[in-house]
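A.B. asks: The task is simple: from the sequences and hints, build the whole structure.
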Amino acid sequence: MARAPGPYFERPPKITVSYTQSCNLSCKHCYADCTRTPSPRELGREEWLRFIDYLVANDFIQVYFEGGEPLQRADFREVLRYCGRRLMTWVRTNGTLVTAVTAREFRRFGVGTVLVDVMGAHAKTHDWFTGAPGSFKKACTAVKHFLDVGIPTYMLIILNRRNAAEINEYLELAARLGAPKVGILRLYPIGRAKRRWDELSMSLEDQTKVIAGLRVPDGLRIMQSWHPRDHNCCWQGAAVNAYGDSIGCVYLREYVRYGNIREMPFLETWKHPLYQQLRSGRVKESCSGCHSTQGTHGGCRSTAYAFHGRWDAPDPFCTTLNHGVDLRELPERLLQKDAGSTDPAGA
Amino acid sequence: MGYCFVFTPANPRVFTLNPAAWLILELCDGQTPQALLRAYRREAEAAHWKRVELSGFFAAPPPPSPASLRREFARGVRALEERSIIEFCPRSEPSHRCGTRRRQL
Chain A
0 MARAPGPYFE
10 RPPKITVSYT
20 QSCNLSCKHC
30 YADCTRTPSP
40 RELGREEWLR
50 FIDYLVANDF
60 IQVYFEGGEP
70 LQRADFREVL
80 RYCGRRLMTW
90 VRTNGTLVTA
100 VTAREFRRFG
110 VGTVLVDVMG
120 AHAKTHDWFT
130 GAPGSFKKAC
140 TAVKHFLDVG
150 IPTYMLIILN
160 RRNAAEINEY
170 LELAARLGAP
180 KVGILRLYPI
190 GRAKRRWDEL
200 SMSLEDQTKV
210 IAGLRVPDGL
220 RIMQSWHPRD
230 HNCCWQGAAV
240 NAYGDSIGCV
250 YLREYVRYGN
260 IREMPFLETW
270 KHPLYQQLRS
280 GRVKESCSGC
290 HSTQGTHGGC
300 RSTAYAFHGR
310 WDAPDPFCTT
320 LNHGVDLREL
330 PERLLQKDAG
340 STDPAGA
Chain B
0 MGYCFVFTPA
10 NPRVFTLNPA
20 AWLILELCDG
30 QTPQALLRAY
40 RREAEAAHWK
50 RVELSGFFAA
60 PPPPSPASLR
70 REFARGVRAL
80 EERSIIEFCP
90 RSEPSHRCGT
100 RRRQL
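Chains as they are written, first to last, in numbering that gives the first Met the number 0: chain A, 0 to 346; chain B, 0 to 104.
Heads up, some of the hints might be wrong.
Stated by the list, open to error - Capping the alpha-carbon separation at 20 Å, the derived lysine to any residue pairs in SDA-like fashion look like this:
| # | chain 1 | residue 1 | chain 2 | residue 2 |
| --- | --- | --- | --- | --- |
| 1 | A | K180 | B | V13 |
| 2 | A | K180 | B | F14 |
| 3 | A | K180 | B | R12 |
If you're looking for bench data, these hints aren't it; they were derived computationally from the structure.
C.D. replies: What follows is the structure in structure tokens.
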């Protein structure tokens with residue numbers, strides 16, 4: 000297959016592991032549509048431990064655990080202990096199950112970075128998303144616990160209509176808590192967020208205004224992926240969901256299946272034709288501004304596919320590539336009951 | 000030659016090494032600092048002439064001076080040591096890689 004210009008990996012150096020699709024919360028925007036108890040179909044402890052061995056043996060250097068809520072599973076700590084000194088380990092958590100003891104454990108296990116989801120600057124906003132009064136306080140306390148033990152801890156917020164107005168207060172909150180970095184994430188039309196799109200989505204114009212109006216406190220770093228930072232990171236994407244499916248990226252979870260690690264080695268899935276196509280970076284149109292900062296082409300493949308139904312389409316979240324697409328209106332095919340998830344491309 | 004990722008488990012971080020730092024890391028196999036510098040100069044000069052050869056010898060830049068290589072080497076060693084990727088024992092002892100994992104691209 001012809002290779003497009005740009006970055007390219009023969010094998011990925013890092014991978015995202017969606018450890019579980021269970022969670023102690025029931026967030027209104029949950030991409031994984033989590034359940035309270037883990038499904039029996041999820042990979043078991045031994046399977047995850049063997050997968051860590053596989054990653055180490057095959058020169059992976061970093062693993063990023065997320066979920067669901069990884070701590071919802073009792074065996075997660077053991078996997079973390081097994082992993083922490085062998086791979087650079089990141090963990091994303093809602094923070095509500097984190098205590099000072101947890102933070103000390105993470106430190107002892109060698110966890111390198113923690114990311115805590117905090118969905119607003121105020122309890123009223125965050126707790127509305129989680130449906131759990133007190134969850135905001137617990138999440139902020141979790142940030143402090145991890146920072147207290149010396150683990151770099153970032154805060155993550157998914158920008159949407161319910162929290163956009165308080166984004167600058169959010170940055171001030173992050174600075175007060177001592178978080179060195181905030182990730183302002185785009186809202187993706189997957190899971191429960193898709194079903195609440197009318198309620199949560201914003202026009203690209205409004206999103207762009209928010210990003211342009213950020214007042215970043217001194218010392219705080221921001222990660223965001225609007226123009227000119229809209230990157231097509233599929234070139235390095237590696238992810239496995241809780242059932243062992245290789246999916247490239249968690250934002251592709253409803254659209255692709257490249258194979259299952261119970262049935263084949265992960266690097267066999269890396270060869271899947273669609274996986275190779277997405278990593279190739281071949282797109283119909285690219286933004287020179289985003290390319291100059293990110294070195295990639297065409298922006299996010301997940302939102303390009305969601306809104307246009309084509310893998311080589313331009314990402315409408317980039318102002319240069321939007322071409323009049325109203326991000327508040329989802330295509331009908333995404334809203335159909337079995338769109339993607341039961342017969343995903345590549346399955 | 001591309002880049003090398005290094006993971007330092009003792010203080011969990013991943014670093015991206017440029018070719019100069021990568022070369023120093025590769026050469027850290029228990030040599031004394033003086034032997035390391037000699038090896039670094041040999042490799043760096045060989046790499047320079049290889050680049051010149053590949054460019055067809057036209058408009059060839061001058062080779063790096065011994066002083067500039069020494070400075071580059073010292074900067075690279077300091078940077079690697081500060082990040083606990085290599086460690087130096089006392090002057091009389093050899094240099095070692097710390098317990099790192101590497102991924103080369």
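A.B. asks: In ascending order, which of the hints set out earlier in this document are inconsistent with the structure?
C.D. replies: No hint contradicted; all consistent.
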